[in-house]
Amino acid sequence: MIEAVGPIKRKFAPWDDPTLKPFIRFENVTKRFGDFTAVDNLTLDIYEREFFALLGPSGCGKTTLMRMLAGFEQPTEGRILLDGKDLSGIPPYKRPVNMMFQSYALFPHMTVEGNIAFGLKQEGMDTSSINTRVAEMLSLVKLEKFAKRKPHQLSGGQRQRVALARSLAKRPKVLLLDEPLGALDKKLREETQFELMDIQVELGMTFLIVTHDQEEAMTVSDRIAVMNHGIIAQIGTASEIYEQPATRYVADFIGDINLIDGTVSAVKDGIATLHSASVDATIMAETGTGEVAVGAEAGFAIRPEKVQISLEAPPAGTPNVLSGEVWDIGYLGDISVYRVRLAGGSIVKATVANLTRMVERPITWEDKVYLTWPADAGIILLK
Amino acid sequence: MNKTTSWFNVTSLVLGFAFLYVPILILVVYSFNASKLVTVWGGFSSRWYVELLHDEAIIDAAWVTIRVGILSASFATVLGTMAALVLDRYNKFHGRALFSGMVYAPLVMPEVITGLSLLLLFVAVGFDRGFWTVVIAHTTLTMCFVAVVVQSRLVTLDRSLEEAALDLGCPPVKTFFLITLPLILPGVVAGWMLAFTLSLDDLVIASFNTGPGATTLPIKIYSMVRLGVTPEINAISTILISVIAVGVIVASVISHRSQVEKEKAERAVFLAG
Numbered sequence: 001m002i003e004a005v006g007p008i009k010r011k012f013a014p015w016d017d018p019t020l021k022p023f024i025r026f027e028n029v030t031k032r033f034g035d036f037t038a039v040d041n042l043t044l045d046i047y048e049r050e051f052f053a054l055l056g057p058s059g060c061g062k063t064t065l066m067r068m069l070a071g072f073e074q075p076t077e078g079r080i081l082l083d084g085k086d087l088s089g090i091p092p093y094k095r096p097v098n099m100m101f102q103s104y105a106l107f108p109h110m111t112v113e114g115n116i117a118f119g120l121k122q123e124g125m126d127t128s129s130i131n132t133r134v135a136e137m138l139s140l141v142k143l144e145k146f147a148k149r150k151p152h153q154l155s156g157g158q159r160q161r162v163a164l165a166r167s168l169a170k171r172p173k174v175l176l177l178d179e180p181l182g183a184l185d186k187k188l189r190e191e192t193q194f195e196l197m198d199i200q201v202e203l204g205m206t207f208l209i210v211t212h213d214q215e216e217a218m219t220v221s222d223r224i225a226v227m228n229h230g231i232i233a234q235i236g237t238a239s240e241i242y243e244q245p246a247t248r249y250v251a252d253f254i255g256d257i258n259l260i261d262g263t264v265s266a267v268k269d270g271i272a273t274l275h276s277a278s279v280d281a282t283i284m285a286e287t288g289t290g291e292v293a294v295g296a297e298a299g300f301a302i303r304p305e306k307v308q309i310s311l312e313a314p315p316a317g318t319p320n321v322l323s324g325e326v327w328d329i330g331y332l333g334d335i336s337v338y339r340v341r342l343a344g345g346s347i348v349k350a351t352v353a354n355l356t357r358m359v360e361r362p363i364t365w366e367d368k369v370y371l372t373w374p375a376d377a378g379i380i381l382l383k
Numbered sequence: 001m002n003k004t005t006s007w008f009n010v011t012s013l014v015l016g017f018a019f020l021y022v023p024i025l026i027l028v029v030y031s032f033n034a035s036k037l038v039t040v041w042g043g044f045s046s047r048w049y050v051e052l053l054h055d056e057a058i059i060d061a062a063w064v065t066i067r068v069g070i071l072s073a074s075f076a077t078v079l080g081t082m083a084a085l086v087l088d089r090y091n092k093f094h095g096r097a098l099f100s101g102m103v104y105a106p107l108v109m110p111e112v113i114t115g116l117s118l119l120l121l122f123v124a125v126g127f128d129r130g131f132w133t134v135v136i137a138h139t140t141l142t143m144c145f146v147a148v149v150v151q152s153r154l155v156t157l158d159r160s161l162e163e164a165a166l167d168l169g170c171p172p173v174k175t176f177f178l179i180t181l182p183l184i185l186p187g188v189v190a191g192w193m194l195a196f197t198l199s200l201d202d203l204v205i206a207s208f209n210t211g212p213g214a215t216t217l218p219i220k221i222y223s224m225v226r227l228g229v230t231p232e233i234n235a236i237s238t239i240l241i242s243v244i245a246v247g248v249i250v251a252s253v254i255s256h257r258s259q260v261e262k263e264k265a266e267r268a269v270f271l272a273g
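These protein sequence lines are chains A and B, in that order.
Each residue of the first sequence is one higher than the one before, counting from 1 in the numbering used here.
Each residue of the second sequence is one higher than the one before, counting from 1 in the numbering used here.
Wrong hints could be hidden among the right ones.
Result set (DSSO-like, lysine-lysine): computed pairs, CA atoms no more than 30 Å apart in a straight line [what the hints assert, rightly or not]:
#1 A/K148 - B/K174
#2 A/K94 - A/K148
#3 A/K150 - B/K174
#4 B/K92 - A/K94
#5 A/K121 - B/K92
#6 A/K142 - B/K264
#7 A/K21 - A/K94
#8 B/K264 - A/K187
#9 B/K264 - A/K145
#10 B/K36 - A/K150
#11 B/K92 - A/K173
From the derived model, a few chain B residues whose C-beta atoms are all more than 10 Å from chain A [said to hold, decoys possible]:
#12 W63
#13 L98
#14 A124
#15 S160
#16 L161
#17 E163
#18 L166
#19 L168
#20 I179
#21 P182
#22 G213
#23 T230
#24 L240
#25 V250
#26 H256
Don't read these hints as lab results, they were simulated from the structure.
For every residue, glycine included, the Cβ atom is placed at its ideal position computed from N, Cα and C.
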């Protein structure tokens with residue numbers, strides 16, 4: 001069994017407190033590389049002690065944003081403030097931020113100790129304090145026995161820990177993590193995610209992580225900014241982004257989603273009625289964040305786990321019913337994924353938690369099934 | 001790979017190596033000839049080596065050659081490393097293609113032209129030809145070789161290592177000496193050894209640019225040969241070949257050893273799981 005260590009995490013939402021000033025502020029930041037705009041007039045606030053994730057596909061500008069904070073790139077326009085101080089013109093070696101590199105960038109000609117002590121030596125710290133801090137860092141990442149080894153004598157997971165220890169050693173105001181767990185295998189990655197969270201709470205630092213792995217972002221961070229083509233598509237907590245996606249892009253990028261296109265035929269009390277010709281059905285759902293007008297082309301988005309699948313027809317008059325036949329089944333152990341083919345030919349996914357130990361599931365291929373969901377389970381997203 | 005040795009392969013190998021090394025082998029063997037006649041074997045002896053030690057002109061020339069080699073190799077290493085850094089780092093500056101072409105051009109430039117152009121330069125600026133003109137000429141000749149060797153090392157260097165050092169508070173110049181230089185050192189040392197050996201065996205450029213009191217060993221040997229080949233020349237040539245062979249071998253061992261060691265350690269970690 002895994003034992004719980006460290007303090008219990010409590011609700012933490014400084015972004016909801018209007019009296020707090022942001023700790024890091026990207027102010028109308030634009031970065032161009034020649035003709036290519038990597039970051040496009042982006043404004044973003046990150047609060048002290050926050051674990052903030054920049055999430056997006058490769059080329060969305062998330063790494064560029066982080067490198068501008070570290071000082072390796074200069075914004076073409078706009079400015080970056082750290083604790084109220086403008087960072088423009090301050091070189092990377094004078095910024096109170098440290099970065100953990102994707103490749104780890106461990107100095108191959110130095111030992112583990114030498115790597116961790118490197119930043120402290122640059123600060124001009126005295127030898128005994130350096131030794132104390134290095135020992136502290138080694139115990140934090142559980143590498144005491146490997147102090148005298150060179151990086152090439154370590155495994156991938158150990159190198160990752162050395163890189164983390166080295167970037168934390170100077171106690172930076174902000175730690176930047178560039179795809180920190182990308183090179184680890186799945187199990188180790190999950191363990192390390194929780195360790196990162198513990199370390200962040202323990203040291204009380206602000207962490208900014210760049211990742212393309214949505215599970216990682218959702219696990220570790222307090223808030224996530226989903227990026228696309230140099231802009232922020234949505235900022236919010238993991239559950240906000242998952243349950244209330246602001247755009248189709250976010251809905252599609254995070255998790256799995258069914259999207260049904262149609263035309264809005266009525267809007268009343270925040271509930272829109274959508275008629276879809278492609279699946280020949282009328283759907284009622286919450287309107288979400290956008291302004292939804294009658295006659296608008298819109299999409300209905302619903303997560304597969306919120307779709308109930310049944311062999312029996314619901315009572316007549318029940319809203320939000322689709323019927324079709326089971327096209328494909330994916331058994332994943334904890335859940336099963338049913339891909340249901342509707343009369344019009346489109347596929348809707350529904351997942352069911354496998355709560356019993358039956359090997360033969362009641363619903364099987366080619367069964368005629370009914371898909372239903374409550375009115376608040378899905379969301380209307382404008383095109 | 002085909003492991004069976006066919007008569008064809010063996011023959012090609014023997015012929016190829018014979019073509020390359022028989023002349024040198026004959027030279028080495030005859031340097032131990034007791035007879036004064038170069039082409040007649042008169043038994044084993046090391047007398048020509050002993051005689052060399054008493055020939056002050058040759059000792060002087062050797063000393064000049066070594067000093068020229070060390071100085072020019074050192075200058076060439078500094079300049080060549082700087083050129084390699086620029087070529088590796090600033091890939092978008094104006095005229096980069098021209099610059100890199102100009103750095104590598106002396107590699108294929110006929111030595112006669114390099115020598116002659118330097119001679120004209122020294123005459124034009126009124127620089128008396130002698131020891132230092134040979135040093136400068138050899139620096140010019142060898143720095144492009146250093147640039148090539150160092151650049152090949154820089155290409156494999158992960159730039160994020162330098163960024164990590166900057167990120168940890170190390171200013172750029174210090175980063176170069178603490179991180180970059182130690183990591184490219186095998187390339188720099190190999191470049192120095194290469195420059196040194198090139199300087200040792202250069203005749204053409206040195207003879208254009210030398211002056212009174214700055215006779216290098218190749219010039220000395222060449223002038224001696226014009227009066228007839230003596231076993232003494234064989235002896236000194238053998239020594240020169242040995243020095244150059246050792247230099248080249250050391251240079252290649254240095255540049256390969258670190259790589260091999262790294263791979264070995266990585267394999268050990270992998271096998272240990």
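The hints, checked one at a time:
1. A/K148 - B/K174: holds, 24 Å
2. A/K94 - A/K148: Holds, at about 29 Å.
3. A/K150 - B/K174: holds, 22 Å
4. B/K92 - A/K94: holds, 26 Å
5. A/K121 - B/K92: Violated - the C-alpha atoms of B/K92 and A/K121 are around 34 Å apart, more than 30 Å.
6. A/K142 - B/K264: Given that 30 Å is the threshold and the Cα spacing comes to 26 Å, the pair holds.
7. A/K21 - A/K94: holds, 23 Å
8. B/K264 - A/K187: holds, 28 Å
9. B/K264 - A/K145: Holds, because 22 Å separates the two Cα atoms, which is no more than 30 Å.
10. B/K36 - A/K150: With a Cα-Cα distance of about 59 Å, the restraint between B/K36 and A/K150 is violated, given a limit of 30 Å.
11. B/K92 - A/K173: Roughly 34 Å between the alpha carbons, so the hint for B/K92 and A/K173 is violated.
12. W63: Nearest chain A Cβ is 36 Å from B/W63, so the label holds.
13. L98: Non-interface label on B/L98 holds, nearest chain A Cβ at 21 Å vs cutoff 10 Å.
14. A124: Holds, since 44 Å exceeds 10 Å.
15. S160: Contrary to the label, B/S160 does not stay out of reach of chain A, its closest Cβ about 4 Å off (not over 10 Å).
16. L161: violated, 5 Å
17. E163: With a cut-off of 10 Å, B/E163 comes too close to chain A, as the shortest Cβ separation is near 6 Å.
18. L166: violated, 4 Å
19. L168: Not fine: 3 Å to the nearest Cβ puts B/L168 too close to chain A.
20. I179: violated, 6 Å
21. P182: violated, 5 Å
22. G213: holds, 44 Å
23. T230: holds, 50 Å
24. L240: holds, 35 Å
25. V250: holds, 20 Å
26. H256: Its Cβ never comes within 10 Å of chain A, the nearest being 16 Å, so this holds.
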